[in-house]
Every structure is written in C-alpha cells, then in structure tokens.
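Keeping their order, the protein sequence lines are chains Z, S, X and A. The working numbering puts the first sequence at residues 205 to 629. The working numbering puts the second sequence at residues 205 to 629. The working numbering puts the third sequence at residues 205 to 629. The working numbering puts the fourth sequence at residues 205 to 629.
Do not rely on the hints blindly, as some may be mistaken.
Each pair may be met inside one copy or between any two copies, as identical chains are not told apart.
[Stated by the list, open to error] Listed below are the simulated DSSO-like cross-link pairs for lysine-lysine, each with C-alpha atoms no more than 27 Å apart in a straight line: (1) Lys450 to Lys371; (2) Lys516 to Lys353; (3) Lys344 to Lys611; (4) Lys340 to Lys618; (5) Lys217 to Lys344.
In case anyone wonders, no lab produced these hints; they're calculated from the structure.
One letter stands for each residue in the lines below.
Protein chains: 4
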Amino acid sequence: MIIGKNSIEEVNKSQLTEHTAAVGRLNEQLASKGVTSEDIVNKLADFQVAIPSWALGTGGTRFGRFPGGGEPASLNQKIEDVGLLHALNNSSGAISLHIPWDIPSDPQGTMELAKSLGLKFDAVNSNTFQDQPDQKHSYKFGSLAHINKDVRDQAVAHNKEVIDYGKTLNSKALTVWLADGTTFPGQGNFRNIFQNTLGSLKEIYAHLPEDWNVLVEYKPFEPNFYSMAIPDWGTSHLLVNQLGDKAQTLVDLGHHLPNTNIEQIVSILMMQSKLGGFHFNDSKFADDDLTVGAIKPYQLFLIFCELVDGMKNTDNPDLSWMIDASHNLKDPMEDLLQSVEAILIAYAQAMLVDQDALKAAQLNNDVTLAQEIMQDAYRTDVRPLVAESSRIRNAAINPVSAYRDLKVREELIKERGENTISTGL
Amino acid sequence: MIIGKNSIEEVNKSQLTEHTAAVGRLNEQLASKGVTSEDIVNKLADFQVAIPSWALGTGGTRFGRFPGGGEPASLNQKIEDVGLLHALNNSSGAISLHIPWDIPSDPQGTMELAKSLGLKFDAVNSNTFQDQPDQKHSYKFGSLAHINKDVRDQAVAHNKEVIDYGKTLNSKALTVWLADGTTFPGQGNFRNIFQNTLGSLKEIYAHLPEDWNVLVEYKPFEPNFYSMAIPDWGTSHLLVNQLGDKAQTLVDLGHHLPNTNIEQIVSILMMQSKLGGFHFNDSKFADDDLTVGAIKPYQLFLIFCELVDGMKNTDNPDLSWMIDASHNLKDPMEDLLQSVEAILIAYAQAMLVDQDALKAAQLNNDVTLAQEIMQDAYRTDVRPLVAESSRIRNAAINPVSAYRDLKVREELIKERGENTISTGL
Amino acid sequence: MIIGKNSIEEVNKSQLTEHTAAVGRLNEQLASKGVTSEDIVNKLADFQVAIPSWALGTGGTRFGRFPGGGEPASLNQKIEDVGLLHALNNSSGAISLHIPWDIPSDPQGTMELAKSLGLKFDAVNSNTFQDQPDQKHSYKFGSLAHINKDVRDQAVAHNKEVIDYGKTLNSKALTVWLADGTTFPGQGNFRNIFQNTLGSLKEIYAHLPEDWNVLVEYKPFEPNFYSMAIPDWGTSHLLVNQLGDKAQTLVDLGHHLPNTNIEQIVSILMMQSKLGGFHFNDSKFADDDLTVGAIKPYQLFLIFCELVDGMKNTDNPDLSWMIDASHNLKDPMEDLLQSVEAILIAYAQAMLVDQDALKAAQLNNDVTLAQEIMQDAYRTDVRPLVAESSRIRNAAINPVSAYRDLKVREELIKERGENTISTGL
Amino acid sequence: MIIGKNSIEEVNKSQLTEHTAAVGRLNEQLASKGVTSEDIVNKLADFQVAIPSWALGTGGTRFGRFPGGGEPASLNQKIEDVGLLHALNNSSGAISLHIPWDIPSDPQGTMELAKSLGLKFDAVNSNTFQDQPDQKHSYKFGSLAHINKDVRDQAVAHNKEVIDYGKTLNSKALTVWLADGTTFPGQGNFRNIFQNTLGSLKEIYAHLPEDWNVLVEYKPFEPNFYSMAIPDWGTSHLLVNQLGDKAQTLVDLGHHLPNTNIEQIVSILMMQSKLGGFHFNDSKFADDDLTVGAIKPYQLFLIFCELVDGMKNTDNPDLSWMIDASHNLKDPMEDLLQSVEAILIAYAQAMLVDQDALKAAQLNNDVTLAQEIMQDAYRTDVRPLVAESSRIRNAAINPVSAYRDLKVREELIKERGENTISTGL
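Bound conformation, chain Z alone (with noise of 0.2 Å):
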C-alpha cells in the first residue's frame, strides 16, 4: 500500500481551517513574548526519527503475545511500512534494520524502495542474544563477553557480517545492545567480563569503515538479572573512550535504574562528545518499552533541552534518533506515529525556552524564575506548530487520525492477511 500525497491532501482539507486558526492563535501567543515560530517549524519539518525494522510488528511479554492483523512478512513490507509513516508524519524518513531478522538478500531493489519512498537506512543492529537455527555456539552464557573464545569469535563475525550489510544499505553506524551478563553471584568475573567485552569491540571497531561509528548500548538488568556487561553510561563511557573516535554511547530511555536523572547524563555525554544516538520509549516500572511521552513527557522535554543545548554548545556528533519500543497492545503504525509526535513536541518546546533569560535566572540562583522559564515553554501548547512542519510537506496536520480515516490496517490486513507474523521479537 501506498498513501499518495492526494489522499492526504484530501484529509487535511476538512482539518485545515480549524488548524490555520489554530497556528494563528499560537503565533499571536508566541509574539507576545517575541518569539516567531517560522524557524521551529523548519526544523521541527527537518527532524527525523528512524523506525527500527522490528517495530512494525506486534510485541510481548515473557508471558505472551497478542499479534494483530496485516503484519509485515518481509523486509519489503517492513520498508513499505516505514513509507506510509513517513508519508502521515513526514518525520520517519530512516529505518533501522535489525540482523539476522532483515537480512537484505537484494540489497539493490531494496534500496531502490527505500528510496522511492523517502526512507534512508540508519544505523543497522546486531543480535547475539538469541540463537539462530544454523549457529554453531550458542549464546545461553554471553556473547562478545562470553568466557570461551569461540564463541566471542563467532559473536565478531556476526557484528562484522552486519557492518558488511549496513554498507550495501549505506548506513553509516552499528548499534551494539549487549545481553550479556550474569544472573547469580559469582556466575563470572566482572573485570574479565569487561575484558572480554573491550576485546571484541576492539575487533569489530577495526571492521567499521571510515565514515562509520559503533553506538554502545547499557542496560542495568534484563535479560541477565545479577549483572549485565554494560549495566550503566559509565562503563559504555570507559569502552567508547579505549575504542576511539569512532564509538559513541548510545542512550536508551527505558535502560536505566529507578529515578535516574537521564538529562545529566546526556548533557556530560555530550560535554564529552561522546553521545552518539538515542533510543526513545516510555516507561514506569523497568524497560516498559511503551509509547514514547506516554508516562513522562516532562522528562522527555527536559532530555531535549539538554539535547537542544548540547547541539549548539558542544562539539558533539550528530545523533542517531530511534523509536525503541514494544507495541503489545496498540496497532504498532499508530503507536509509532504518538511516539513520534510526542518527540516532536518534546523538541519543539525545548526549543522555545528562553535560554538568556534561563541563563539570568542561573546566575542569580534565583530557583522559582528558572522553574517558570522552563516550565512557561513546557506548558506551551506546541501541537500547532508540530502539525503545521508535517503540512508543509505535504504531510497529515494529524497522522493518527488521517491513518484511520485512510483505513491503513484495514488495507494491510486485506493485502496481508490476519494472521501474517513479523520477525523479531
């Protein structure tokens, strides 16, 4: 299926005048502060999130899953998803593909899709932390960080196969979500564990081409439940500092230990030029993995002023945005279009803080001033604005429901199947 830009002109035609009237009103508000919105909205319209390949299916628990209808079978219709997004939002114009789950045996055709639909491929994504049919070693104990040698080999070759893959694609990073670990005290040593881990970094490092970085990943618990190779940003720190240049720390919202202030550690990551990307969700309990903004969307508008900030003040790399999370309940389309909506937001609030008067406020450590400055940004209603950078390029005024009024799942449940399953997990 593809949605042509008539369609969605056809949509946006009953929504329009509510919407004009309704940047209007936002523009008005936002002049009284002195503030034009024409700049936010360019960049609001520039932003893009990549889609992680696995995404487009249904998730689940340990306990069970519950898939829906017209799931993608295949990495074409994995990418054809990703185009009917990107056609609603006009923001999700990259993929991200997971190895061995999206292996592209043509990479030509596929390319030529992607292209025809819009869509880049960012970084691509190695799996060690389950067994495929064919393998030799098994993963049950560790990967890059497991105590035999040979399994740390073959653990190498498969990150090594990936890069080899990302490149017909011309992606340019290799994410790097290391399961290992241990789940009982004294399951194995820690310094050897982190040895281990280093040493094959190093090797797969060697394989990056030049204009590629590896992004590394930490996780406190699961799916190892003592300890994990990479529990926390300060281990990824001391990696991707002995790797090089080229390795960055990855930050995935749902990695981390109750409370966590994730701002901070985004902002010394890129005081240290070391934050290479960025995996949304959402999440109250552990790594819920839910709709992004969907529990704590003031602490994702703090993360962006940090992220806002750091982009202008640090010389830290351009980032890689990616949606990373679990759609058990939701139709995963719709789940990924709040999610990136809600990113957007996020953005274009933080955005709109008044970084001189913020800086003011410091200086005088008058406390209650900074709060009503960031809080005056936060509470501003930005929907207008982010509905109008989707407008502007022919995307939805608002992707949710244009999805439903183009009866998109109705479409692919009709093209596909009830009952197609998606690889991953």
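Position chains S, X and A against the provided structure of chain Z, taking the given hints into account.
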C-alpha cells in the same frame, strides 16, 4: 503586611490586555471542540488549598538548613503570610496548624485575624515525632505505637489536646502522621505495633466531635528505616475501616515506594469512600517535598483525573487539600504560589478530559484513542483559565510576578528582620 | 527414571562421616546455648514445598529462551521429575499444576503415579494471560477484569474448569494470578476494573468445593505496564475480604516494588488470618524469578521469622508453599534443589531465634540486643540440620551433589532426547 | 575513660572455654575442606576500619534527633571513644576527622593522645554543605560547583585548610563529599556544574602533599533532589581521571539508586586502579546510614569478594576503610562495634571462597556450582575466627557484650553528663 485589592488591580492592569487576548484565544480553541470555559473557571475559583503553618519558613535536610529573611516568628505572622498568598491567588483560603508549633494562645483573636483575611482553619496536625522540652516520656522509640503504655497514653493525650485546640478554631479534622516504626529487624513485633497503633487511634477517635474526621497518613520509610507502623495505603485502610465512618486515609504524594501508581490508589480509596485528604508536593527520589508539579506534572494530572471522576461518581466525602512541601531553596511564599498554580492547572486539565469519548474508547479497548483523549486535555495550555479564575475574584493574574512586583519579601524583611526563624522543621 | 533408596544410600555413604561430625559439632554449639536440634530436624523433615509443573522446563525472557536437554514433554514426565526431586531432598512432596498446560487426561493414572512417588497435588493454577488456539475471545485486553462480559464469562468458566480438574486430583486450592491491567493511562477505569475483578472472583468462589480455598495473588507490574488489576496486598486483601473465609491472599516474593518490606506484609496478613500461600523465588531488580536465596538470603530469613511466629501466634490457616521461579540458565532440577535447600535453611534459622530474649529486648527498646539475637540465629550454619532432616527420611545428605553423582540429567536426556521442549513459559 | 587490658582479659575469661571450643569446631569444619584458619585470623587481626569523629554522637533525621547521654563534647573525647572501641575490638585503630567540627587546636597533644591509644589519623573530611557562623559566602546554592567564583574560591580555600590540618596529624588523604547539585529542573546547567567542580578540585589537588590522595565521593540525591554535581561513579571517575594519579573514587554503600550492583562498580574501579576508599553502612530505602550488615549482609559479602579479589589481582592502591553511618536509635559505640564485626565477618567469608573451584566453574559456565561455592563460604559461621582475631591482640572475644559488662556508657555518662551534645550532624 497586607496587600490591598487596589495594589493587585494595579499590578494586573499592565497584564490585562495580553491576558484578555489569551483567554480569548483559549476560548476559541475550546469552542472548536464544543467546550465552554465558564464553568471550569468558576470551579477553579472555588477551589481552595490549605497552607500548612510550617510551610511559611525555610525547610532543611538532615545535613543543614539555609534560612531566608522575613520568616514569620509567630502564629499570627504565619496567618498573615497565608493571607498574603490568598490575596494574590484567591486559592489559599485555609490554613492547617501544627501543634505544638502553633498553639493558639488567643483563639478568639486568631479567629478574627483569619476571618479578616478570608481564611478558614483546615485540619489540625499533631506531632509525636519530636520531643518537646517539658515532655515526660520520649518518643525516641515511638508514640501511638510505643511498646510502653505510658508513652502511648501521653501521645494519645497530645492528640486529644490538638483536637481541643482545633475546636476553638472551628477546624473539622485531625491529621495523624505517625512517624513510628522500626529501624532494625527484630526491633519490634509488627503485629504488636499494629495493635498498639489501632488501640491508640481508637482512643483518639472516641474524642472526636460529632462533625470531625480523623485522617490517617501512611509512609513507607523515614524517619524509620526498616519498617513504618503505617507503611502503605493498605495498612491505613485496615485501620480506618476498624475505626469507623469518621476515619479516612490521607494520601501524601511523596509517601510511596518508587514507581507506585498513586492515581490507582486514589481511585480505589474513593470507591471505598475512604479518601479523606491530600498532601500535595512532588519528588524525584524519595519524600523530596518539592514544589507541586515541579517533577512529574503528568502524574499530577492523572491523579486529578481520578479526583474529578471520583468526586462525581462515588460517595467519597469532601476532601481536605493541603500542600505539604519543604522549601529549602526557594522563597517559601513563591514556592507555595507555584504549587497552588500547578494544582489548579492539573485540575483544569482534568476537567477538560472528554469523559464520554474516553468511556467509548475504553469500551472498544481503543488504547490509542484513549491516550489521545487524555493527552489532548493535558497538552492544552490552560494557564489563561487559571489566571482568569484568580482575576475574577480580584486576585492576581500572575501571582508569582505580582508577589515580586509588590516586593512582598522585601517588605516582610523590613518588618520582621533578616534573621527570624520560623517554628517548625 | 526413578531413583531408588539404595542409590541414595550409596551416595550418602561417602559423605556420612563428615556429615555426622558436622551434626555433632553443630549440636555441641547449640547445646552451649541450651538448644537441642531434634525438634528442629523433625520440623524440617516434615516441611514440604510444592513444585510447579512448569518449573521443570527451561524458562526464558521476552528476548529469548535457551532450552536444555531432557525436559519433560508430558504431565507424567513432569510428575516423574518432581518425584526425582522428592527422592533426593524429601521436601518436594507436592506438585502444583497449571491448566491448560497440564490437563490431566487420565486423572486416575496421574493420581497413582503421584502416589507411587510420594507426591500430593497442591493448589492448581489457572491461566488467562495467554490465548489458546481454540479460544473464542482473546485475553489481549484482560480476562476476569475485561470490560466485555463475554470475555469475563469465558475466563470465569476456565477457572471453574480448573477447579474441576483439581478436584479429580484431590487438590484443595485454586491460585489466581491475574495478569489483567492497563498499559497506558486512560486505557481503563480503575474502579470498573476492580468491580469486574471482584464480580468474576465471586462467581469462581461460588464454584469452590466446601473444603477448597482460592488464593489471590497481587503484582505491581508486568505484563501490564501502567496498572495491574491487583497491584498490591491492599487490593488483594480488599478482594478476599469481600469474597469470604475461603479466600486468602498469596504472596509472591518477586511481586513487589523496590525496597518493599515484605515480612511486614506477611505479618499483617497473618494477623488478619488472610495469608493463604507463598510463591518463593528471589530477585534483584524486578520479578526476576531467580533461585530462592540467591540474592537476598537475609530477607528470606526475616520472612521466615514472621511465618514461624505467625504460625504459632495467630489463627492464620495452613499455607500453600510453592516455588515460582524461572530457570533460564541453570538446569531446572538443580535450581529447584537449591531453592528448596535455601527455604529449609531460612526455616531452620528462624526456629533458632531466641523468642523470649527477643521479646525482652523489644520491651526494653534494646535495639542493639534485638539485632544480636536475630543475627545470632541467622549466622548459625544450620546446613547440617537441613542435611540431617533429609537423611533421616532416606533422602540425600547433599541433594545437588547426589543429583550430579547419579547423573540424573544425563539419564533423562537419554530417555527423552536433547530437544524436548516443556510446555509452559 | 580507658579500658585496661586486664579488664578485657577478665571479661574474656568467662567466655574462653566456649570460645576455644567454637574455634576448635570451626577449624575441624575447615580442615575437612583442606583449609587452615591461621592466615585468615591474622589478616582479620591486621584489618583496621577508621571511625569518623562525628559517629560517636547520636545522629538524626530532618524530623528530629534524640540524643543519648555521655556523648563526647570535644575532639579529645572523641578520640578517647575511638580508643575505647579499639581496645574492645582491635580493629578500630584509626579515626577520620571532619573539619570544621573537629579542628585540632593542639595537634601535638592530639597526636600524642591518639598514639597512646594505638590510633592513627585516616582521611580528613571537608564540609561545604553547611554554613559556619563566621562564613562570608553561603553554601545554600553550592560550594565547589557554585556558579559564583567567589563562593568556589572560599570552598577551595576551606579544603586546602583541611589538608593543612590533616598534615599536622599525619593524615594521608582528603575525602571530598560534595553536596552540590540542583533541586529543580533549570536551576543549573549540568556542564557548568561539572566544569566548576572539576576546576575547584584541580586547585585542591594542586595543594595535595606528594604522598596524599584525594578521594571523591558520589551520591545520586540528598541533600539536592533533582541532580547532584557528582551523582554516580561514572562522573566521579571522569573527574578523578582528569585530576591525576593521586585522585580516586570513594564508594559509600548508601549512595546508590535502588538495586544498583555495587560489587560490579567496585570491581571495575579496581581494574582501573581508581578505587580509593570505602564508606561502610547499610540501607533498605535510601541513604539510611544504618549499621553495617544490618539489612543486606549477603551484598556486603559479595562486595568483599570483589575487594579480596581486587586487592590480590589488580594494581589498585591501598584503600581507606571507614564506617559512615548515623546512629539515631542505638548507642553509637555499640552500633560501631556491630558494624566493625559485620565487616570482619564479610571479610572472613570472602577469604573462604574457593577461588580455584570458582574459576573452574566459571570456565564451564556451571552456574549452579558457582552459586554453591559462593554460598558455601557465606554460610560458614566464621564468628569464632573474628573473635579469635580480636582475642590474640588482647581485645574482647565479644566486643558488644564486653562493652556492656564493663559498663562503658554508664561510666561516660558519669564523666560527661547526661546532656552533652556531640558536634556534627
């Protein structure tokens, strides 16, 4: 110091044009959804949050305290401060006293002063977590739950005395926050502690006037660090159920373990007609006692959604609303103004939730749509309505800026000096 | 495979000298405090922990599962496995079935097999957190709490069916773990969810035979990530109170928010005669479902102190004890043997607490001494008593090493093959 | 008060028979595994934990403080108290001073007093989290990280002064615990805060004598409640790396977010030769500052396993060991005796781990066996070895009971009175 209506009118004058325009824009936005704001504004204007007497002074941590100037040194000065807040925001029309910090030695005079400022006396609070100089038995190892009956009797007598003081001021409720518990395994027997607590509360309950309630708080830790006598809502609920109809549970937002779903507790307690009151504050880590809405404004909104729903659809009695925060860094008055505004914002947003649409979405298990409905209300910038609800009662359009324009703190320092220290924590 | 008493006697023989010496040394140590061990050893020997039928296979996480060899592929094979455990440790004399994973198609034969191995059938477990192939309504959005009565009816009928299966095996209790809840704010109404849950449970309760109980679990999150229908003991307690005398709360150690004082919950529930059962496991982060005692052995001891005290000093009914863990990395049988040993150790230590001295210390608020008394019991190396309690019933002095000496797993792989996969999670 | 060796010998006499028997039994048990205890006992006897000078008085919470009698009112009295502890347990041979609470006005006399009691001066501690009466600038909004250079300079000067005081007492390290941070979003800029902290520490570092170290603590929250300047080990590590070889990270057990794997942090820091010291305490919820081993003794053992391993197998420098707890309810001296004993027990257990067997199990991914090995060491009742290590140095077999038998507190109250109040928190 007293702020006259003229002064506020003067301050409002300069903001009136922009305020009127903002209200107009928001009304237009709401009208596009078929909503009129008048009823909401009136409900906001009627909403009153009690200010605890100890919150007018600077708080501290176990590591230190950095007092500010012009703190109120007497009960009357505290009442004057609340009067100033109420003049500024029209929503702080009640004060909650803490005995023995604020014993009304001249109840008649105190009542008249409060009345002249438009203030009522909300729930009175007892204190058995500190020793007073002239006290016979120490509360080091507990009070209402103490293993020694003499100590329990003393603590019960104190609570009865607090009720008696409250009667002279026309209060209608006693709030019991019990610091009792144990700090080490083995220190006490959990069942004994529960039974002693229940026994003491029964004696206090018997002393309650006909039209009074007793509100029983819970808290998982601090100042005891292994167990608390009333650690969670379940224990408080067990107690108030055994006490009778005049006993209810009081929820303090900061008194929960990490990640607790507080809004669900609110809902279930109201279903049981057992939610008696609320202590508002905010926190990131523990019982941080920060400005309301400073950290988790979305959670505050979700809680208000339950309150609005519960007040309409359950038989739960009227609630005591109070701010219970510790102002360590901000001017306490500014902090309180920000807190009240955050409460009103959440209340206004909660009233905007389209309940019919939400129910329909729930019936269809349309999770995406349910989220859209909730966030549509939350993302609406309702600040003009809150400002309007203040203005129509002759209070300030923007209380914090009015507080600064009118140089309230400077005036108080002039009156009271730089180094007064407020009684309380 | 069946382990004969002779085989175990053979294995024990080599350890007997050192074991006898160890028992002698411990008896000497205890005698110096005026304690004799005989009564403790007998109580340990009588203590039985049920093994859940699904625990005999390898578990997994949402990210993957790494099965081992020789897993039981049928109900009878599962029973055989529990028989092996019981032969080895004398304390696993019960099995807890999970329907529909373990439907007894030949109850008579199943009963006889169990009897021949010395096993009883403990509580049966229903499953409404997964869809079965032939199911009319999906449990994607809930079961007993579902907004649609048809779905609730189906879930109720399933629970009744589980009771009926249980009756054929002489079980005496139904355990309900309800996965229902919501994953996003707004998805459901908390009061509706509670009322639907209560209504469904009442229908199930009405189907209970006279001498049965229903045990109601609670859990704060997973598989739902915003709210659970029964999130905490307070909610479970509300439900079982309204159900009647045959309903009790079941505590699963992994089902609590971070830092919860579980032993206090145990104590308060027993005081109310409402603790019905226990699911043992251990965890560091969430519901990690690790080997009992692997992470927090002192907490386990403190819980057992409450259990021992409550069994003696309250009217709480007899408890269902069960291990509920997930064996992702270890051989499930070894994991279970370690879990049962950890339980017996904690039980033995708890029996060693000098209750008279403890009460005296509590009366004096002698916190130092109370800790000394608790830790004196805990630090005592009671393993010889646990081993002795096994030996006197003809089971292994050291069950784990006996399991290995007797090459049980190798034998099972020979019988069942490398790639059998157990039904269950 | 001074405890003579004769008094202790007297007290020991009555326990000697049972103690000797207990040592004999444990030696027999160890011998059955081929282990001899002599080396362990000697290492225990050599192990010294510093007592902080402020820990001799009763601590409190922000809600109150309940002092006990006979608290030391001067630096010399504090040193005397540590001398009493050391006489009783032989393992408290060092004291850690806190400036400005314990300024040595007569260093020569102080040195001599300490020497006469067998005490050394461990790391000195600066205090910039409270204002002193005569202080020019307030630390309300920070010290080393303050936005105002004048305040930073003042805080740097204070730290230099602390070093100078330390030099007069032959201390060799400065411990910096920085309370700086922010309590509200927007209050400060994270990168500025980091850079200011680094700049200040560099100036302090430059003032360090050749043979000194500076130990940099981290803490996630309290007394600031949104962000701390040094919230985690990663930030501390960044700082000490940039400072130089004489800077190391200090780990305080209570300074971590819920569920943190502290032992892994210990291991990784030692691998980097950057673990400088330890503050021992225990906690259930936050920085509860409880008696060591009172809540999580198994975690303490696991940490000691890393310390023992790291001291043997890494180039990490010698560590500063210190107790850092708050004694709110227990007699501080008894609390400290219990803490030191818990540390020695964990150390002894860690030395019992069969490292060769553990390594073999790890090589085989034999998780079951690895757990057996760890828990075999942990479950061993090593108290006789700890007692023996004290006895052979003429200290008490059971320090807590000796403290009571010798009526130390009663004596101190007689000397100092009921109402002395110790300087400090």
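Against the structure, the hints:
1. Proximity of Lys450 and Lys371 under a CA criterion of 27 Å is satisfied intra-copy only: 16 Å inside one chain copy versus 46 Å between copies.
2. In the homo-oligomer, the alpha carbons of Lys516 and Lys353 lie at most 27 Å apart only across protomers (25 Å), although the nearest pairing inside one protomer, at 43 Å, exceeds that limit.
3. In this assembly of identical chains, the alpha carbons of Lys344 and Lys611 lie at most 27 Å apart only when taken from different copies (22 Å versus 43 Å within one copy).
4. In the homo-oligomer, the alpha carbons of Lys340 and Lys618 lie at most 27 Å apart only across protomers (22 Å), although the nearest pairing inside one protomer, at 40 Å, exceeds that limit.
5. Taking identical chains as interchangeable, the C-alpha atoms of Lys217 and Lys344 are never at most 27 Å apart, the minima being 55 Å within one chain and 36 Å between chains.
This entry does not satisfy hint 5, going by the numbered hints stated previously; all others are met.
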